Structures are given as structure tokens and as C-alpha cells.
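**Q** With chain A fixed as given, assemble chain B onto it according to the hints.
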Amino acid sequence: MIVADRKSLQEILAMVEDDKEILIAGCKGCVTVCNAGGLKEVEILASSIKIARKKQGKDIDIEIEVLERQCDNEYIAGISEKVGNYDAVISLACGVGPQFLSEMYPDQTFYPGVNTTFLGGATQHGVWEERCAGCGTCAIHDFGGLCPIARCAKSLMNGPCGGSSQGICEVNKEIVCIWDLIVRKKMEAGKLADLMGVKGVKNWKSARHGGPRKSIREELVQGNI
Amino acid sequence: MRLSYPADVKIIQVPCTGRVDILHLLNAIEDGADGVYVAGCLEGECHYIEGNLKARRKVEYVKRTLTELGIEPERVQMYNLSSAQGARFAEIANEMVSQIRELGPSPVKKNNAA
Numbered sequence: 001m002i003v004a005d006r007k008s009l010q011e012i013l014a015m016v017e018d019d020k021e022i023l024i025a026g027c028k029g030c031v032t033v034c035n036a037g038g039l040k041e042v043e044i045l046a047s048s049i050k051i052a053r054k055k056q057g058k059d060i061d062i063e064i065e066v067l068e069r070q071c072d073n074e075y076i077a078g079i080s081e082k083v084g085n086y087d088a089v090i091s092l093a094c095g096v097g098p099q100f101l102s103e104m105y106p107d108q109t110f111y112p113g114v115n116t117t118f119l120g121g122a123t124q125h126g127v128w129e130e131r132c133a134g135c136g137t138c139a140i141h142d143f144g145g146l147c148p149i150a151r152c153a154k155s156l157m158n159g160p161c162g163g164s165s166q167g168i169c170e171v172n173k174e175i176v177c178i179w180d181l182i183v184r185k186k187m188e189a190g191k192l193a194d195l196m197g198v199k200g201v202k203n204w205k206s207a208r209h210g211g212p213r214k215s216i217r218e219e220l221v222q223g224n225i
Numbered sequence: 001m002r003l004s005y006p007a008d009v010k011i012i013q014v015p016c017t018g019r020v021d022i023l024h025l026l027n028a029i030e031d032g033a034d035g036v037y038v039a040g041c042l043e044g045e046c047h048y049i050e051g052n053l054k055a056r057r058k059v060e061y062v063k064r065t066l067t068e069l070g071i072e073p074e075r076v077q078m079y080n081l082s083s084a085q086g087a088r089f090a091e092i093a094n095e096m097v098s099q100i101r102e103l104g105p106s107p108v109k110k111n112n113a114a
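Protein chains in written order, with this note's numbering: chain A, 1 to 225; chain B, 1 to 114.
The hints are simulated quantities; they were obtained by calculation from the structure and are not laboratory data. Fair warning: this is a prediction, and the values are worked out from it, not measured in the lab. Any given hint could be a false lead.
Think about it this way: if two alpha-carbon atoms lie no more than 27 Å apart in a straight line, the pair counts; the simulated DSSO-like pairs of lysine-lysine are [unchecked claim]:
1) Lys154(A) <-> Lys63(B)
2) Lys191(A) <-> Lys54(B)
3) Lys191(A) <-> Lys202(A)
4) Lys40(A) <-> Lys109(B)
5) Lys20(A) <-> Lys10(B)
6) Lys55(A) <-> Lys28(A)
7) Lys109(B) <-> Lys191(A)
8) Lys173(A) <-> Lys186(A)
9) Lys28(A) <-> Lys214(A)
10) Lys199(A) <-> Lys186(A)
11) Lys10(B) <-> Lys50(A)
12) Lys28(A) <-> Lys54(B)
Looking at chain A on its own, in the form it has when it is part of the complex:
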């Protein structure tokens, strides 16, 4: 899933400082699962903003709405009748949400209430870790199911660097050296030879280096037949 963290209250309060009526729009997709922008988080943010405003002695009307997904136009069209009623809208979806909303409703101001961080999963309740860098050319199978692009600080393809010590990355003591894990896993499986070949230079064109990406599934595109 896409993982996000809510922005600080100070940052969000500064965004809507002059607004008197706002909508907080959550998303039932990834940000609900990573507890950053689902119904609960929308309600918590609404209450926090109200507390801040009451403390200042300033009024604010806050409405909340949690969309099925903010990355599909058919769902964000659902707020078309009311979106113009507010001074501003805070979206708690990933970075896609406020952009889709801004594209559909160009006259409204949409603020991102979260910082979208990475593609990952929950390693324990309340802890999410990065697992995919979305590089566009997946080769996880070459590395024992562990991705060195996403999980090595240098995205090395041909083994660990000199900064790997006792299985820990030199960048941060909390980062496991993924190459240490890859090599150990291959050794345990008696398949270390799999890693002996030299991986050629990776073509990063399929990653962000080739500019914004697009995916087209022709059989789904209306009007194609």
C-alpha cells in the first residue's frame, strides 16, 4: 500500500488559518489501512482543529467526508455538489488525492494533510516499512525475494557496499543491510551461485528518471473497439 504520515497540526493549522468553513476529505484506500487518512484520522483532525480554533476564540465550521478512493474520478465526483461550499478542503489521501481533486474542481483550494512517504507494509501493528520503490522493472526473484532497489540505501544490484557491518547499514543503525539478508538467504538455500553473475547497468528509464509514467490497459479503455 501507499504509506503516508499526517502533517503536523501546526502545518495544517497554518494552511487553513484564514478559512472559516472547511471540508476534511479522507480516503478509504491505503491511508485508511496505514491509519493516516481514514474516518478515524479525519475525525481526530477535525476535533484537533476545532480545539485550536476555540482556543484562539475563532469560529470554524468543519464537515467531514470519507471517499471510497480519491484516486478515481468516479468517486471524487461524489462531492461535486458541495465542494464549492467551503473556503478550503484538506485531503488526507496520498498525494494523488489532492491532485485529482484539484483537476476536477479547479476553483477550490485543496491542501494535502499528509506527507506521502513510500510503498510498504505493516511489519507490526503501528509500524510500516518500505518494500517497493516502484522502479518499473521488478527483479525481486533474482535476490531471494528481497528488493535491493527499495531496501538498500544505494540501491546496489551486485552485493553490499563497504558500509555494511554486522548486518546493519551505515546510513542508520535501524536499517538492516538488505544485501546481508540476501546473501545469507542464498547461502542457507545453498544457492549462493545465483548471485555470482554480474548484473548489468540498470535501465532507470522505467523509474521516475524517464519522467512521469503512464500505464495503459487497452482492453479496458473505452472506445478502443
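**A** Just chain B, lined up with the frame of chain A:
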């Protein structure tokens, strides 16, 4: 026992403090409560294993939120006591009320009324 505790305390019963939500605490502050405390069972003695521990984490979350909003985090507290500790219950109520009296009225309520 006929123990007395301050009339300022309004008790809201829940089956287990694990039921207490961040929103319950925030909404109380939002609606002008000067302070809120959660009285859970002793740690390690939760009938539902860890309801009181979950409540403590939620209280800590609300404390951080209040700090971020410039409101004294001491307005929200977590206490642990058993249902057999009636005297301790009254003591905690007195302790919380005197602490809140020291802090004064909630800045949320004060400005809202003005």
C-alpha cells in the same frame, strides 16, 4: 466506605478502558472539559489482557496532540487502580481535581465564552 470525592468529577462508565477512544478524550476537551482522566485496571490485570495498556497509549497520543496545540498535556491523565481500591479512587479524584485547579480553566472554554 462512604468516601467522598469532588463533585467536579463526572464519571462515564465503559466496560473496559480499552473502549476509550482518542476521540472521546479529544471531544471532551473540544467541548470545554478542563481535564479528563482515564481510570483503568492495574497494569497486568486487564480482564481483556491489554485494554488498559491500549488506553494508556491513546492518552499519550492525546497528550502529544494537546502539546502541539499549546494546551497543557496534564489536562489528560491515565491512572491505574483496582476496583477494590475505593480509597485510592477518591484520592485520584482529589489529585486530578487539584491539579486541574492549579492549571485553571481550559483555554478552549475560556476563549469560547469570551
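**Q** All hints are to be evaluated individually against the structure, with a verdict given for each.
**A** Hint by hint, here is what the structure shows:
1. Straight-line distance between C-alpha atoms of Lys154(A) and Lys63(B) comes to about 38 Å, which puts the hinted pair past the 27 Å bound.
2. A C-alpha spacing of about 45 Å is found between Lys191(A) and Lys54(B), which places the hinted pair above 27 Å, so the restraint is violated.
3. Using a Cα cut-off of 27 Å, the hinted pair Lys191(A) and Lys202(A) holds, with the two alpha carbons roughly 23 Å apart.
4. For the given pair, Lys40(A) sits about 24 Å from Lys109(B) by alpha-carbon distance, which is consistent with the 27 Å threshold.
5. Taking the CA atoms of Lys20(A) and Lys10(B), the gap is about 33 Å. The hint is violated against a cut of 27 Å.
6. About 31 Å separates the Cα atoms of Lys55(A) and Lys28(A), which puts this hinted pair outside 27 Å; it is violated.
7. In summary, the hint linking Lys109(B) to Lys191(A) is not supported, as the alpha carbons are separated by about 68 Å, beyond the 27 Å threshold.
8. For the proposed pair Lys173(A) and Lys186(A), the alpha carbon gap of about 24 Å is at most 27 Å, so the pair holds.
9. Proximity of Lys28(A) to Lys214(A) is assessed by CA-CA distance (about 23 Å); at most 27 Å being required, the pair is judged to hold.
10. A C-alpha spacing of about 16 Å is found between Lys199(A) and Lys186(A), which places the hinted pair at or below 27 Å, so the restraint holds.
11. Between Lys10(B) and Lys50(A), the direct Cα distance comes to roughly 23 Å. Compliance with the 27 Å bound is thereby established for this hinted pair.
12. For the hint linking Lys28(A) to Lys54(B), the alpha-carbon distance of about 24 Å falls within 27 Å, and the restraint holds.
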